[in-house]
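Participant: What follows is the residue order along each chain.
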Amino acid sequence: AQTVTQSQPEMSVQEAETVTLSCTYDTSESDYYLFWYKQPPSRQMILVIRQEAYKQQNATENRFSVNFQKAAKSFSLKISDSQLGDAAMYFCAYRSGQNFVFGPGTRLSVLP
Amino acid sequence: NAGVMQNPRHLVRRRGQEARLRCSPMKGHSHVYWYRQLPEEGLKFMVYLQKENIIDESGMPKERFSAEFPKEGPSILRIQQVVRGDSAAYFCASSPLEVYRGHTEAFFGQGTRLTVV
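From first to last, the protein sequence lines are chains F and X. For the first sequence, counting from 1, position 87 maps to 87 in my numbering; every step adds exactly one. For the second sequence, counting from 1, position 54 maps to 54 in my numbering; every step adds exactly one.
Simulated from the structure, these hints should not be mistaken for lab results. One thing to keep in mind: the hints can contain errors.
Said to hold, decoys possible - Below, simulated BS3-like cross-link-like pairs (lysine-lysine); rule was C-alpha separation at most 27 Å, straight line: (1) X:Lys71 - F:Lys73; (2) F:Lys78 - X:Lys44; (3) X:Lys71 - X:Lys51.
Let's have the full structure, built from the sequences with the hints guiding it.
Facilitator: Following this line, the structure appears as structure tokens:
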């Protein structure tokens with residue numbers, strides 16, 4: 001069975017600084033997708049970024065980028081120039097076929 | 001194109017009552033997932049449904065919980081004889097039929113917060 005691990009229950013970053021959230025996963029599949037979702041206090045789940053496993057190039061979305069290491073089964077999220085609005089729970093997720101698996105989440109605090 | 005709609009947003013039930021949570025997927029989406037989120041915890045998979053079929057219910061408690069996604073109408077998550085431990089946020093997500101057509105992510109509703117008193 002696929003599993004997703006986020007080893008950092010909580011992280012904090014100073015405003016305007018950079019922070020990296022860790023995610024590892026376990027799978028025997030070769031074709032899959034990885035995602036980072038953000039859940040602010042409103043509880044709405046918001047897609048931040050996604051990565052196709054067959055693509056070697058790391059995905060980027062403005063201040064958000066990933067470091068995808070397929071051999072190591074690692075998928076970390078880097079947030080640059082952190083803003084107060086980035087404070088939220090961040091969930092790493094894995095998808096293969098129709099099976100969607102989420103990690104336990106990392107709570108990110110942004111300090112002014 | 002409206003997003004995933006869940007209702008109610010908040011639901012209060014007394015112990016022993018039934019809770020019915022509704023989820024209308026995005027237009028054109030035929031796959032629905034239900035997740036439970038306990039306070040300060042991540043999302044726990046409960047059940048995955050397609051129209052009129054339960055595909056994977058490995059995350060559903062064996063008793064009191066059931067889910068359906070009829071041919072017409074929303075998906076329903078039903079909890080019978082609720083207990084205090086059922087208090088949680090329940091999220092629904094939907095996705096289109098085929099992953100390889102470029103639409104891979106699941107779109108989430110805003111959740112239903114169930115409180116059992």
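Participant: Which earlier hints turn out false for this structure, listed by number in ascending order?
Facilitator: 1
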